[in-house]
Amino acid sequence: MKDAFGLPQSLLVLGGTSEIALATVRRLVARRTRTVWLAGRPSPALEAAAEELRGLGAEVRTAAFDALDPESHEAALGKVFAEGDIDLVLLAFGILGDQAHDEREPLNAVRVAQTNYTGAVSAGLVAARSLQAQGHGSLVVLSSVAGERARRANFIYGSSKAGLDAFAQGLGDALHGTGVHVMVVRPGFVRSRMTEGMAEAPLATTPEAVATAIELGLRRRSETVWVPGALRVVMSALRHLPRTVFRRLPV
Amino acid sequence: MSADTVPDADWGTVTGWGRTAPTGALVVRPRTYEEAAVAVRDCGVRGAVARGLGRAYGDAAQNAGGAVLDMTALDRVHAVDVAGGTVLCDAGVSLHRLMEVLLPLGWFVPVTPGTRYVTVGGAIGADIHGKNHHVSGSFTRHVLSLELLTADGRVRTVTPGTPLFEATAGGMGLTGVILTATLRLQPVETALMSVDTERAGDLDDLMTRLTATDHRYRYSVAWIDLLARGRATGRAVLTRGDHAPLDALPARSRARRAPLAFRTSRLPAAPDLVPDGLLGRTTVGLFNEVWYRKAPRCSRGRLQRISTFFHPLDGVPHWNRVYGRGGFVQYQFVVGHGREEALRSIVRRISARRCPSFLAVLKRFGEADPGWLSFPVPGWTLALDIPAGLPGLGAFLDELDEEVAHAGGRVYLAKDSRLRPELLAAMYPRLDDFRALRAELDPRGVFVSDLARRLAL
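Residue numbers (our numbering), protein chains in the order written: chain A, 1 to 251; chain B, 1001 to 1457.
Hints are supplied without guarantee of correctness; some may be wrong.
To be verified - Derived SDA-like pairs (lysine to any residue); straight-line CA-CA distance at most 20 Å:
hint	chain 1	residue 1	chain 2	residue 2
1	A	79	B	1045
2	A	79	B	1046
3	B	1294	B	1276
4	B	1294	B	1313
5	A	79	A	101
6	A	79	A	126
What the hints assert, rightly or not - Away from chain A, derived, C-beta distances all over 10 Å, residues of chain B:
hint	residue
7	1117
8	1389
9	1394
Keep in mind the hints are simulated off the structure, nothing from the lab. These numbers were taken from a predicted model, which means no experiment stands behind them. Ideal placement from N, C-alpha and C gives every residue a C-beta, glycine not left out.
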């Protein structure tokens, strides 16, 4: 059960090697979390992440989960929920793709969309049903500012996150009053493996800062969390720029 | 059990009085014992727990995904023995209702907490205490017998001295659903209190006064200013008293003509939309300063209404809303006599941390009662409210827990919403007995609450 500060005792990470997710888990394990499920494609990286978290004192198990295989989601998540209540599901999988390359290779672009959006729709609905049955829990969805307004430079990724974001907001409204809380997290540019070698955007942040913001959002039962918080204002302004202006921005 | 006795039920979210950690549950409102039995029988795999008026601060009367039995429709006062001073009533009867019924007959509830709006069932489940704990012990000391609906569907009559009674007294509703109880009452001549008030300049002064003179009073409590710093750390206002005898009432006054009339007053309810952070250090600091200054340095024998003396906050319905949407946490612990240093240290830490707490009270407990998870033990108890949104509060309270546990003390489960489960066994040495009895009485785990899940009770 979550405590008065929204801190979970058990959590499930979908996308168990995500750096933001692992930073969040580390933070929560230092507080109340004892049981952690890392779900992802079986890999040495997943096992290494599990081993590291065990070192922090958590009871960690891994589960096979593939965002690109929606048919398997019901069984994969069902197995986890059958073992006991999950107080927090962190939907953290996602790929950035390579915009320039993917524009020429539509199938690659589809893969981005299928991972970030279709996979999340499936996993999100499956997780939501289990959370609703247990009458409590938070579903934390890692969206992105890129989904707030698609940019020329990464509109494939951006559009997939836009879909995910809209889906998660709607799901949150659907679950309102059931005891299940859905929180959409919109980080800006996060310095991580995913963005390695890329030019840093303004208001860049770190996985640890996102983890801190998630913990705060859980305490406040926020529906939307921007990281850093200033992005809420910045994106609100950008959202209202006319297309002709937005197109010319060096972002 | 015919089809027309299926109880009302609605899905909804439920929180404790602190309005933190809402969870969804099927809220069932049984109107008869049979309906309560049906609700328990049909509750499904997520189990059931009884709920009274929802005054437990944390998650004791919540049951995520399962059934929450709202017991307040079972509210009959069955019989009052006016000569012997006992009452038999349903578990859903509030102490407010009991006072309305009993005071005109010259009787008072044996123990009342800081609110009248708790049910008898809740009072037993949390084994509540009041300002008279040093004299009268906790609520279940005055329970002569109770009827308990257990997981097997049976209704058992449970009397003091049995393991089931001791598990149920303070058992947070996890042994079953209390249906009725017979209570021993306190005789009174009037519905007024004769109250002595005095100020204490700091914590040591306060503890000296409480230790030296508490035994002279049936009721005793101290409001403590936890924002005061330096030499004033722990300054307090002591209010102590007893039921006023008839001859203490002025002749030819309204009170003298109807000495047993139960009078209360209510202000408008707190609004639902209060911004978070209204109760910050400045506002609470100001409140505390005024509250301390306005208290008489020393006054004797002032007459007060029962509601003013015991239940000042009941005058503002929904006062818990003043903490805003983020809600608040109540922290109450007890440390034994001889552990005063731990109390001093904790008060200093809270004061140094500037926790905006305007409802902090300190009390000396008397002898403990046998409930296995009953909170009071002889010693000092401090209770304070803190807005849940205060940065770093969770970690701070964890540190206080460690200090409390180290001093052999414990925190109060009826108020808890955040204890680290690992500390529970150290705080409640009979926990294993409690678990064993539950495992035997309720092998399928029908009775369960969010509190029970969180702390693995």
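Results for each hint:
1. A:79 to B:1045: At roughly 17 Å apart (the allowed maximum being 20 Å), residue 1045 of chain B and residue 79 of chain A satisfy the hint.
2. A:79 to B:1046: holds, 18 Å
3. B:1294 to B:1276: violated, 27 Å
4. B:1294 to B:1313: holds, 18 Å
5. A:79 to A:101: Judged against 20 Å, a Cα distance of about 38 Å means the pair is violated.
6. A:79 to A:126: Judged against 20 Å, a Cα distance of about 12 Å means the pair holds.
7. 1117: Since the minimum Cβ distance to chain A is about 21 Å, residue 1117 of chain B lies beyond 10 Å and the statement holds.
8. 1389: violated, 7 Å
9. 1394: violated, 4 Å
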